[in-house]
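Residue numbers (this note's numbering), protein chains in the order written: chain S, 1 to 200; chain W, 1 to 200.
Since the hints were made in silico from the structure, they are not lab data.
Quick caveat, the model's predicted, so the values are computed rather than measured.
C-beta: ideal position from N, C-alpha, C; glycine also.
There may be inaccurate statements among the hints.
A short, non-exhaustive set of chain W residues, derived as facing chain S with CB atoms under 8 Å [as the list claims (entries may be wrong)]:
{"id": "1", "residue": "Ala41"}
{"id": "2", "residue": "Arg42"}
{"id": "3", "residue": "Glu50"}
{"id": "4", "residue": "Leu51"}
{"id": "5", "residue": "Ile93"}
{"id": "6", "residue": "Leu189"}
{"id": "7", "residue": "Ile193"}
Number of protein chains: 2
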Amino acid sequence: MQVMPPALERLIQDLNRLPGIGKKTASRLAMHIMRSPAEEARTLAADLAELHNAVKLCSSCYIFSESDPCRICSDPSRNRGVVCVVEGPDDLIVIEKTGAYQGLYHILHGVLAPMDGIGPDEIKANELVVRIRRDRITEVLLATSSTVPGEATASYLARMLHSEKVKVTRLACGIPMGMDIKYADEVTLARAIETRQESK
Amino acid sequence: MQVMPPALERLIQDLNRLPGIGKKTASRLAMHIMRSPAEEARTLAADLAELHNAVKLCSSCYIFSESDPCRICSDPSRNRGVVCVVEGPDDLIVIEKTGAYQGLYHILHGVLAPMDGIGPDEIKANELVVRIRRDRITEVLLATSSTVPGEATASYLARMLHSEKVKVTRLACGIPMGMDIKYADEVTLARAIETRQESK
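Extracted from the complex, chain S is given alone in its bound form (with noise of 0.2 Å):
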């Protein structure tokens, strides 16, 4: 016997279908949505429903934008040379946070993992070539994670734009700030020895 009533059930198998949001948690969610006044939902439902209208992605640097081209591709403060190359947005937003890096973007919207058919057209691989070569971009800089599918999709770029005319640069890898280093781990430890620097 089915016991919720229909439409509390739906809500749940919507709220199921996103990631990481099991049956229990869906369950929970639907709930506190029904005992929460109707204008929360409402908001939330227009919201969602007005989503795809607003936003769309940028035809330059792929980010989720209103506009096309984006804020950041269309403004002229930029350095229009340098391209950063991120896994999604949110990498995009800590390193605007940092107010380190004045260049451009590109968002890859994913790492490379052929075992889940992710190969180099699903993130736009090709389009960062075409950029760089009608844009003349003079560097991209591949700030994947350093993580092993993040290292993975560097080196396939890096492989990528050895032909081009185009400095390719990584983040720095090593100890983080403030850190003591009897609490760093092995192989950060080891990088950050490989890859030491003068000191000015």
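Once you've looked at the hints, dock chain W against the given chain S.
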């Protein structure tokens, strides 16, 4: 500088308001919805907008229902003399799944939590008394969880119902079926010994 488009930022904030959904999870969910077909976002939006119109509380047992009285309260085959008191709709579902209970329900929608301002009025305790008198209920089965707040709520209700002409029962506590005794925790085992039953 705000990097995310406002429509996406609004959705992230909406999702962030849900319980257990932090800023990062909200962002991850919003990105997923953004990358999925627009149709999926619209389905979720439509189901959310419809929810509060379609689903109400049953005025008898306070379960979420599209009809009032709900399907269980209006089912003539149920034992109308017994009311099972549960914390929430999820608990009702698991009890229904056992097939071991044929009576009606009373949904508290919470447990007593004086520190959070949740007193007897918030868990529909008076409504339970009114219902017991009006519908000539003969047994109330307190099926709150065997957690500290669940036990406290059951104790409160048992004391409250002491003066009513109704048998008050509680779910049995003991060793879970199929569990090796050496893995049972001491409190559960002690309780199982105290409430030991004659073999049949």
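Structure-based check of all given hints:
1. Ala41: Nearest chain S Cβ about 5 Å off; hint holds.
2. Arg42: It holds, given that the least Cβ distance between Arg42 of chain W and chain S is near 6 Å, below 8 Å.
3. Glu50: Where the cut-off is 8 Å and the nearest Cβ of chain S is about 6 Å from Glu50 of chain W, the hint holds.
4. Leu51: At about 6 Å, which falls below the 8 Å cut-off, the nearest Cβ of chain S leaves the hint on Leu51 of chain W intact, so it holds.
5. Ile93: Ile93 of chain W check passes; min Cβ-Cβ to chain S is 5 Å, inside 8 Å.
6. Leu189: Violated: closest Cβ of chain S sits about 28 Å from Leu189 of chain W, beyond 8 Å.
7. Ile193: Violated, about 32 Å.
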